[in-house]
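Top to bottom, those sequences are chains A and B.
With the UniProt record's numbering applied, the first sequence covers 1 to 379.
With the UniProt record's numbering applied, the second sequence covers 1 to 647.
One thing to keep in mind: the hints can contain errors.
Distance condition first, Cα-Cα at most 25 Å in a straight line; then the derived SDA-like pairs of lysine to any residue [claimed, not checked]:
hint : chain 1 : residue 1 : chain 2 : residue 2
1    : B       : K14       : A       : S188
2    : A       : K141      : B       : R13
3    : B       : K14       : A       : R379
4    : B       : K427      : B       : G339
5    : B       : K14       : A       : Y220
6    : B       : K14       : A       : A299
7    : B       : K479      : B       : G339
8    : B       : K6        : A       : S143
No lab work stands behind these hints: they were computed from the structure.
No experiment lies behind these values; they were computed from the predicted model shown.
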Amino acid sequence: MSFLEYRIKTAPSGLRKVLYLNWPLVLLTCAVASVGFLMLYSVAGGDMSTWAAPQMKRFGVGMALMFAVAFTPIWFWRNLSVMAYLTSVALLLVVEFFGRVGMGAQRWIEIGPLVLQPSEMMKFTLVMMLAAYYDWLDPKKVSRPLWVLLPVLLIVSPTVLVLMQPNLGTSIMLLAAGAAVMFCAGVSWWYFAGVAGIVGGAIYGVFAFRGTPWQFLHDYQYRRIDTFLDPTADPLGAGYNIIQAKIALGSGGWAGKGFMQGTQSRLNFLPEKHTDFIFTTLAEEFGFIGAFSLLLLYAGIIVFCIFSALQNRDRFSQLLILGFAANLFFYIAVNLSMVMGMAPVVGVPLPLLSYGGSAMLVLLVGFGLVQSAHVHRPR
Amino acid sequence: MRRTAKDTEESARKVRRRAVLMGGAMGAFVAVLGARMRYLSVDQADEFRLLAEENRINIRLIPPARGLILDRNGKLVAGNEQNYRVVITREDAGDVDLVLRRLASIVPLSPEDIEKTRKEVERRSPFVPIIVADRLSWTDFSKIALNAPSLPGVTPEVGLSRAYPLDIDFAHVVGYVGPVSEKDLEGIENPDPVLQIPKFQIGKIGVERWTEDLLRGKAGQKRIEVNSVGRVMRELERVEGNPGENIRLTIDADIQNFTQVRLGTESAAVVAMDVETGDILSIVSSPSFDPNLFVRGISQKDYSVLMENDHRPLANKTVQGAYPPGSTFKMVTALAALGAGVISPQTGVYCPGHYEVGGRRFHCWKRGGHGTVSLGSALAESCDVYFYDVAQKVGIDKIAEMGRLLGLGEKPDLPMSAITAGVMPDKAWVRERYGQEWRIGDTINASIGQGYVLTSPLQLAVMAARIASGRAVAPRLIKMIGTEEVPLAEAPALPVQAAHLDAVRRGMYEVMNGTHGTAKSSRIADETMLMAGKTGTAQVRNISAAERAAGVVSNDQLPWERRDHALFVCFAPYDRPKVAVSVVVEHGGGGSTVAAPIARDVLLYCLTGGLPPLEAYPAAQRGRIETQFKEMKLRDTGAATSAKSRA
């Protein structure tokens, strides 16, 4: 029995698709996004038009896109995976040569009125590609060196391109998400242990070669690491972000200073208060209770994703959902670690909360894929 | 690609296993994040809350209102006026050029002003208000307020600034204030934080400076919320400060004004003192300047006009000027000789017109000589030879001792700047200063107030007051601080015999009222206010033998700066002295012709408490005096300010 036939027979159609949606996931997504609107309204000093309104508009567009993606059969997306992956890599190359420089890095290309950030697209096309690869590959061969090398190349080549922009945060995300898909696909533990060893060695190398002409990272990236290790050393310079963020977080206490009462963000002490550091405002104004509630909402999203994957018997769908969940998790984990002073400031936004168009759209398209996999799962 | 269902199921199971593992790892990390969150926002909350407060709250000082300076009757001498000004804030203005152009069409603004403001605006942060125009009239100020809608970013402001309503009259006494400079701060060990306020005014010279601690008051505080770039968001709390103490001077603003106007353009100094209390009623240095210019920031042009004037308007000649006292010093010589017993008031000395000692010939001002003179006539006619002779008998050290008793050579303790101690030389002083022995010729010179002797007009007034009262009165400039009267300094009786003082006073009486008195033309005719005085003429150049042979050139024929200084000291009424006055007119010529009439007018003004009545003058002079008074442009010094009101 062909999988194709099997799926078509059981695939829901018309209104039934709506019923088959993973509604808790939709609601959780809306809930987190609403928290985001609230915070953007607050950090703008009680103004909708600065950040909150554009963000809501984008969320609306993103939700429409999510439903469109969700109602399209998952096998359509699987068949598109290779094409999507190659297009993304090609766009990354275009960005490398013709991209617009912003914030000291090449990240955007403008096509007419459209501003495209191919590194954002790469986040889900890579997961799609890997899921499709492991769907195609005989599960018995996953741990054979040659068949491990291929996905590694698939992960590393866009990662290197993103790193060259330079965008350290996103490249780490790509590596992590790719590794998560490989892990879930059942690649042997030994490879992961090996990679861990190599990464350890690499970190050693990064520091060992510091200050020589062969140093691996930009000076600003080294400084960020230094600052992370001792933020008080340069309180007004590189360490400012982290110190001020920690002050904002810490001064919230149990219940926070109250909505719109966060002095740190309202008085502009917080840098990037509407993007990467938006969580600190939440923690300042709503305290531990508010911050932890958000953490639980995020955890809820991931748990529902994993449950969805566990229910699914289609290999592509499973891996796609898990890869997406892992990607989301890494974003949250890195962003929160960063603002809480547990990781270097690498410029990773908080999904659904941070202000920004590309990231929001990409995320919702990702949710669309998860939903599509859920709706069209084999029964 | 085909796969068996069994394979599919097995691989799906494997994925589920791994998924659960991954989920578990994620859960563990979420727990770590939660723990960290709790640690930061609960366990360390107090510490971070403190840091957040420090971030947000700034303490700004509210400058206290400076204490007023009043005259002895409570008239305002130095007050605080509303300073209307407009400031511009770049971030609110938008197009700064446009706004400035509009502003210039409403109030007078020179192109240079606009250019200066524009540069300043560009240089500073966008939220910093920059002063566009200062000291606007009320009309201009209200015009700007009215046009506010078309002037975004322009704010009219009201501040306090020092103002001296009597401008030039008190310039030297009261001094002026100015913004705190680096140099001011260097001199202070623990600077009051209020001094850090930009453009905060402190006293620079005179009473403003020496009573700065009283006048300044205590700054208030406001706690304000600021954002990360220091912009003020709102005021949280306000504690008002204490305004400075009001200071009431001993000076009478009307007498002061009369004296100032009377001196006109002369380069001169006048001090009038209450003989009993030592209160300085008027202390004027002429020409003067407008202290308001300095408060507003004097222009280079105005400043060079003041600096280049050979009459030195900026110098306070009353206390800074050290002049040879000339013949006004003769009372000191006389009292020293009487005290030492080398002469009696009746001792006669023959004056042939010159005096020879140590192979040198010293001349009397009267070439033909005075004949035989005693103390009374020697003072009245100012015979030099008499004093050469008695000085030589008593010696310089006794003379210097008497000089110091009368306040010469000592620095008066007054809240004014650059007070000179003058010079009261004796043998030890010359040895220490010049490494020389005292020569007999030095005594001769000192006996008539020439040579080393230097005195300030204030010291001369003190001397006159002490001779008049027989007590060591000390000058007083500050009558009240706030509502408290400053206690009078003790004035012990001088260790001089009353008879000796009487003899000297009698001589001074003869100067004014004797038939041969040198200042008889400046006498007071009113019997109740008869005057006693002493003229003095201080040489500022040496007269060479050749010059003397050619005949001494009269002062009128000399260039101004080589003419003699004219001096005069006096007190009245003779029988129960109330007021003592000293006058020094730089290069004025003779003491009797120039200085004495001024002294008389001031003395009469003090005694009568207003423009002197013509009856007080000798009948022949009344017409001239009347025209003189008519031509004087006296000022209305205003009404007394109640002690509590603040301008």
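We went through each hint and held it up to the structure:
Pair hint K14(B) plus S188(A) holds up; C-alpha atoms about 11 Å apart against a cutoff of 25 Å. Our distance criterion of 25 Å between C-alpha atoms is met by K141(A) and R13(B), whose separation comes to about 16 Å. For the hint linking K14(B) to R379(A), the alpha-carbon distance of about 19 Å falls within 25 Å, and the restraint holds. Restraint check for K427(B) and G339(B): the C-alpha separation of about 19 Å stays at or below 25 Å, so the hint holds.
Restraint check for K14(B) and Y220(A): not satisfied, since their Cα atoms lie roughly 42 Å apart, outside the 25 Å limit. The hinted pair formed by K14(B) and A299(A) meets the criterion: a straight-line CA distance of about 23 Å does not exceed 25 Å. With a CA separation close to 35 Å, the supplied pair K479(B) and G339(B) exceeds the 25 Å bound. Pair hint K6(B) plus S143(A) holds up; C-alpha atoms about 19 Å apart against a cutoff of 25 Å.
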